[in-house]
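Enquirer: Whenever a hint applies, use it, and build me the whole structure from the sequences.
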Amino acid sequence: MPTLGAIRNHFPNAFIEVMGYPAYLELIKGRYYADVVSRFDQMDIAHLFVKDAEIPNSFKERLHQMDLIISFVSDRDQIFSHNLNASKARCIIHYDSFPADDEGIHMIDHFLQLLDSLEITYTDTIPKIFLNDEDIRFGEDFVKDCGTGSKKMLIAIHPGSGSKQKCWSIERFATLISRLNQELQAHIIVVSGPADQEIIERLKAEIHDDFTLVDQLPLAKLAAVIKRCNIFIGNDSGITHLAAALGIRTIALFGPTDPKMWGPRGESVKILYNKVHCSPCVADVRRNCITPICLESIKMEDIIHEVLLKG
Numbered sequence: 001m002p003t004l005g006a007i008r009n010h011f012p013n014a015f016i017e018v019m020g021y022p023a024y025l026e027l028i029k030g031r032y033y034a035d036v037v038s039r040f041d042q043m044d045i046a047h048l049f050v051k052d053a054e055i056p057n058s059f060k061e062r063l064h065q066m067d068l069i070i071s072f073v074s075d076r077d078q079i080f081s082h083n084l085n086a087s088k089a090r091c092i093i094h095y096d097s098f099p100a101d102d103e104g105i106h107m108i109d110h111f112l113q114l115l116d117s118l119e120i121t122y123t124d125t126i127p128k129i130f131l132n133d134e135d136i137r138f139g140e141d142f143v144k145d146c147g148t149g150s151k152k153m154l155i156a157i158h159p160g161s162g163s164k165q166k167c168w169s170i171e172r173f174a175t176l177i178s179r180l181n182q183e184l185q186a187h188i189i190v191v192s193g194p195a196d197q198e199i200i201e202r203l204k205a206e207i208h209d210d211f212t213l214v215d216q217l218p219l220a221k222l223a224a225v226i227k228r229c230n231i232f233i234g235n236d237s238g239i240t241h242l243a244a245a246l247g248i249r250t251i252a253l254f255g256p257t258d259p260k261m262w263g264p265r266g267e268s269v270k271i272l273y274n275k276v277h278c279s280p281c282v283a284d285v286r287r288n289c290i291t292p293i294c295l296e297s298i299k300m301e302d303i304i305h306e307v308l309l310k311g
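Everything in the sequence shown is counted per our numbering, starting at 1 for the first residue and increasing by one.
For the record, the hints were derived by calculation from the structure and aren't laboratory data. Bear in mind the structure is a predicted one, so any value in this text is a computation, not a measurement. There could be a bad hint or two in this list.
[Said to hold, decoys possible] Quick list of the computed label-pair ranges, beta carbon to beta carbon:
{"hint": "1", "residue 1": "Asp67", "residue 2": "Met300", "range": "45 to 55 angstroms"}
{"hint": "2", "residue 1": "Gln78", "residue 2": "Glu183", "range": "32 to 42 angstroms"}
{"hint": "3", "residue 1": "Glu119", "residue 2": "Asp215", "range": "44 to 54 angstroms"}
{"hint": "4", "residue 1": "His64", "residue 2": "Lys260", "range": "47 to 57 angstroms"}
[What the hints assert, rightly or not] Derived SDA-like pairs (lysine to any residue); straight-line CA-CA distance at most 20 angstroms:
{"hint": "5", "residue 1": "Lys60", "residue 2": "Asp44"}
{"hint": "6", "residue 1": "Lys270", "residue 2": "Asn230"}
{"hint": "7", "residue 1": "Lys29", "residue 2": "Asn85"}
{"hint": "8", "residue 1": "Lys270", "residue 2": "Glu296"}
{"hint": "9", "residue 1": "Lys164", "residue 2": "Ile200"}
{"hint": "10", "residue 1": "Lys29", "residue 2": "Phe15"}
{"hint": "11", "residue 1": "Lys88", "residue 2": "Gln78"}
{"hint": "12", "residue 1": "Lys51", "residue 2": "Ser87"}
{"hint": "13", "residue 1": "Lys152", "residue 2": "Leu176"}
{"hint": "14", "residue 1": "Lys221", "residue 2": "Pro194"}
{"hint": "15", "residue 1": "Lys152", "residue 2": "Leu184"}
{"hint": "16", "residue 1": "Lys60", "residue 2": "Lys29"}
Just so it is clear, CB atoms sit at the ideal spot from N, CA and C, and this is done for glycine as well.
Expert: Take a look at the structure:
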């Protein structure tokens, strides 16, 4: 988002179209970063991913009308790049979506380096999400319907992640929720993402305290609910990055991945991470890890301490 923000600032009157995956696009459409969004799974765009595809003339003309196209598509076989170049668009920049293994650079900074070649200046390296009025009203109404009563603190917790190897244990999350509820009289909102059904079912079986489940909301609506919370606690996941970008107090639990490269950024972000002898974990090892000492080293009291500091 800082890269998109810098492009928007540099070209304030430009018409910006962003192509990508539909679940993520709604966070930027009409919310400062993009004027229009297009899904990768639309028929015309899908042609770009097919070897020796015949690109429809109507789509070629659409691309040709663009002054600048920047591609962040991971494209090892060069099919997408070849098809995009064949469109004869005016100016196309292909940028590798991942830095070299030895760079040791944060992903945000990696994307921002693209701007140097375009002579676009930037100062903001912290992602920000801008909610519209409809989003804000939804968040307010949702919290009202939670029935928090006299509880003064509202804490959102996301116990899942795109990878189960990045998750703090369900048993610990259940105990954490119980303690936050009983010791701090906090109302807990448990966030469920697309891959979290099994985790949520296990959590329900462990928890005997009241909580509100936010299940499978569109990202913009989910962002509006999280924005209304005092604190967010979560694993290394996209939803944790979402919370950080909303500017709320965020406690991120990191284990196998390196927060120097993948950690959420923000003035109100605290990353709990204990580097162990095998950190950071490579993908093959991570999949077969049976003793996640990196995550187990994050103690309950570490999180409670941060909540009290931030509360």
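Enquirer: Next, verify each hint and record whether it holds.
Expert: Each hint tested on the structure:
Look at Asp67 against Met300: about 54 angstroms separates their beta carbons, and that is inside 45 to 55 angstroms. The beta-carbon spacing between Gln78 and Glu183, approximately 56 angstroms, falls outside the hinted interval of 32 to 42 angstroms. Roughly 46 angstroms separates the CB atoms of Glu119 and Asp215, a value that falls within the hinted 44 to 54 angstroms. In this structure, His64 and Lys260 break the distance hint of 47 to 57 angstroms, their C-beta atoms being roughly 41 angstroms apart.
For the hint linking Lys60 to Asp44, the alpha-carbon distance of about 9 angstroms falls within 20 angstroms, and the restraint holds. The hinted pair formed by Lys270 and Asn230 meets the criterion: a straight-line CA distance of about 14 angstroms does not exceed 20 angstroms. A hinted pair counts as satisfied when its Cα atoms are at most 20 angstroms apart, and Lys29 with Asn85 does not qualify at roughly 26 angstroms. As the CA atoms of Lys270 and Glu296 are separated by approximately 18 angstroms, the hinted pair is consistent with the 20 angstroms bound.
Between Lys164 and Ile200, the direct Cα distance comes to roughly 12 angstroms. Compliance with the 20 angstroms bound is thereby established for this hinted pair. Restraint check for Lys29 and Phe15: the C-alpha separation of about 12 angstroms stays at or below 20 angstroms, so the hint holds. The straight-line distance between the Cα atoms of Lys88 and Gln78 is roughly 16 angstroms, inside the 20 angstroms bound, and the hint therefore holds. For the suggested pair Lys51 and Ser87, the alpha carbons sit about 14 angstroms apart, so the restraint of at most 20 angstroms is met.
Only pairs whose Cα atoms come within 20 angstroms are accepted, and Lys152 paired with Leu176 is accepted, the gap being roughly 18 angstroms. Of the supplied pair hints, the one linking Lys221 and Pro194 holds, its CA atoms being roughly 14 angstroms apart against a limit of 20 angstroms. Proximity of Lys152 to Leu184 is assessed by CA-CA distance (about 9 angstroms); at most 20 angstroms being required, the pair is judged to hold. For a cut-off of 20 angstroms, the pair hint linking Lys60 to Lys29 is broken: about 23 angstroms separates their Cα positions.
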